[in-house]
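Chains as they are written, first to last, in this note's numbering: chain A, 1 to 314; chain B, 1 to 224.
A portion of the hints provided could be inaccurate.
Only pairs whose alpha carbons sit at most 16 angstroms apart, straight line, appear in this in silico EDC-like list of lysine to aspartate or glutamate [to be verified]:
hint	chain 1	residue 1	chain 2	residue 2
1	A	Lys233	B	Asp59
2	A	Lys301	B	Asp59
3	B	Lys61	A	Glu205
Just so you have them, the derived chain B footprint on chain A, three or more residues with Cβ under 8 angstroms [to be verified]:
hint	region
4	19-29
5	80-94
6	135-149
7	181-192
8	224-236
9	263-271
Distance windows between CB atoms, simulated [to be verified]:
hint	chain 1	residue 1	chain 2	residue 2	range
10	B	Glu152	A	Gln101	55 to 65 angstroms
11	A	Gln308	B	Ile5	46 to 56 angstroms
12	B	Glu199	A	Lys287	41 to 51 angstroms
13	B	Ile5	A	Ser284	47 to 57 angstroms
14	B	Asn85	A	Pro222	43 to 53 angstroms
Note that these hints are calculated values from the structure, not bench results. Quick reminder that beta carbons are idealized off the backbone N, C-alpha and C, glycines included.
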Amino acid sequence: MSNNYFEIIRAGVNTTFQDKGRNNLYHIGIPFSGSMDNRNYLLANKLVGNKLDLPVIEFAYQGPLLKYSGDKINIAITGDVIFEIRKKDNKIEGNCYESYQLENGDEIDILSTNKSVYGYFAVSGEFNLKLQWGSCSINTKANIGSNEGKKLDEGQKINISKLNLNQEKKKINYFNSKVENIRVIKGTNFNYFSEEGIKNFFEKEFTVSKLSDRMGMRLEGPKIENIVSPNIKSEGLLKGVIQVPPDGNPIIMLSDHGTIGGYPKIGVVVSADYDRLVQISSGSKIKFKEIELSDAVTLFKLYEMETQNLISQI
Amino acid sequence: MIKNISNLGDAALYCDFGGEVNKTINSDVIKYFNTIKEKNIKGINNLTPSYNKLIISYDLKLTNFKEIKDKVENLEIKETQKIVNKKIEIPVCCDDSLSLDMERLKEKLNLSKEKIIGNFFDKEYFCYMTGFIAGMPFLGDLDKNMRVQRLETPRVKVPKGSVGITEQFADIYTFESPGGWNIIGNTPLEVFDSSKEKEPNLINPGDTVIFKQIAIEEYKNFNE
């Protein structure tokens, strides 16, 4: 038994362990999974002095309320998150991108995300987790990953197997930019859609539906008219692929997506915009802009440089 | 072999082997899949073979579309496959409580329940691919008179173990999941076991599957 642990007093909406995800398993039907917002995942680990690929706790909309028992430990939260730390005789309004030290008996209450979806909670140490295919990432649809592939639940204990010795305070100034313009590359079935359907797709706004989750983001708005066939021969999917089922409402594949699908693909979200895409909350607007492959590659290089730059500032 | 290579987004190659779905085209897909997998090409992080396509995903930090395309176009494809394909028997119960779409199938196919069941079990199926959800096999080919479209409105929850048909294919829902296939019965057999990391799938592409009809009593006692 570990002497350092968190007890979950309230679990939150969709609280899971996540890391860098799993590769090379699409062919047996297992998706990538992993942290939805990769940059915020990496920054959370860096802020507590961990190796960048360690597991963290991901939450959506409302996070968990945790009570800590054990030796002093540093924690950090990334994203755009409202939280407070309750100590014996005072209460601290927490800031994201800043580490805090918890002592035995302290509570951390992750109240909500602010006009965004996902937040990350990292501790200066290692959670005691079982890995599957080299990753802790929980995929609740296939019950794969640590915690038997299930969401974290009230009353559970989260054990920490190893604490970092170095616990200096770390901090950066960073704000997640809220963007509703998402850049896409034409999909492989672009010509399945009517001229007006394509015009609607690139010129009109869509609303993110409540039915969105780690598998997919469902959109509502002008219908995208299909003039060829509502189905294609089932084939592979990737995160960021935008499928249009017969009802004309696009669905964007996210990290826990089904690996094979039979609806036409109108576009694919560029890699550089994926982190920002997943943070668009239900009820918010989204607009698409078409770009070329070469531009998408340049944008990804910029995104990657910015991420590395942030990491190096911590 | 590959008819056309294009990009699917900025981090994947979309290899098209032709419009048809048949065993010849599918075995070309699988040959490419096996060869690329064995080569361990730097930057490739996923391969998704399907009936007539192969999607090759790569890490944009390590490589790019042109580099991977060049490598794939210059591959030497091995004709001989070392992999031994298995023949697997899957018990299926078609009791009314499990055969969720039998009424729809009777109407759409204009066949009796006996005839539908007779046609379904009297066959060997070929596994074209696995996926959608972990371990789900896509099996073919159903006879021409057994082919039917997906449900107009997909189910939000298809029960685990459900055996569905649509067009020329049958599949098995390894988990409870959303889905639009016509459910003909249910198998009590575990087709996917995530505790076996090396070989979690009972059925793999290239394998042969035979469905064996079982009665409801046997179905209920199967895992006792």
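Evaluated hints:
About 26 angstroms separates the Cα atoms of Lys233 (chain A) and Asp59 (chain B), which puts this hinted pair outside 16 angstroms; it is violated. Taking the CA atoms of Lys301 (chain A) and Asp59 (chain B), the gap is about 12 angstroms. The hint holds against a cut of 16 angstroms. Proximity of Lys61 (chain B) to Glu205 (chain A) is assessed by CA-CA distance (about 31 angstroms); at most 16 angstroms being required, the pair is judged violated. For the region 19-29 of chain A, the proposed coverage by chain B is satisfied: 7 residues have a C-beta within less than 8 angstroms of a C-beta in that chain, meeting the threshold of three.
Coverage of a stretch by a chain is defined here by at least three residues with a beta carbon nearer than 8 angstroms to that chain's beta carbons; for the region 80-94 of chain A and chain B the count is 0, and the condition is violated. Given as covered by chain B, the region 135-149 of chain A passes the check, having 5 residues with a CB less than 8 angstroms from a CB of that chain where 3 are the minimum. Against chain B, the region 181-192 of chain A contributes 3 residues with a C-beta closer than 8 angstroms to a partner C-beta. That satisfies the three-residue criterion, and the hint holds. A stretch counts as covered by a chain when three or more of its residues have a beta carbon under 8 angstroms from one of that chain; for the region 224-236 of chain A and chain B the count is 5, and the coverage holds.
Closer than 8 angstroms: that is the beta-carbon criterion, and the region 263-271 of chain A has 5 residues meeting it against chain B, so the requirement of 3 holds. Judged by the Cβ atoms, the range 55 to 65 angstroms given for Glu152 (chain B) and Gln101 (chain A) holds: they are separated by roughly 58 angstroms. At about 31 angstroms, the beta-carbon gap between Gln308 (chain A) and Ile5 (chain B) misses the expected band of 46 to 56 angstroms. For Glu199 (chain B) and Lys287 (chain A), the hinted distance range of 41 to 51 angstroms is satisfied, since their beta carbons lie about 45 angstroms from each other.
A hinted range of 47 to 57 angstroms is violated for the C-beta pair Ile5 (chain B) and Ser284 (chain A), which are about 36 angstroms apart. As the Cβ distance of Asn85 (chain B) to Pro222 (chain A) is approximately 48 angstroms, the hint placing it in 43 to 53 angstroms holds.
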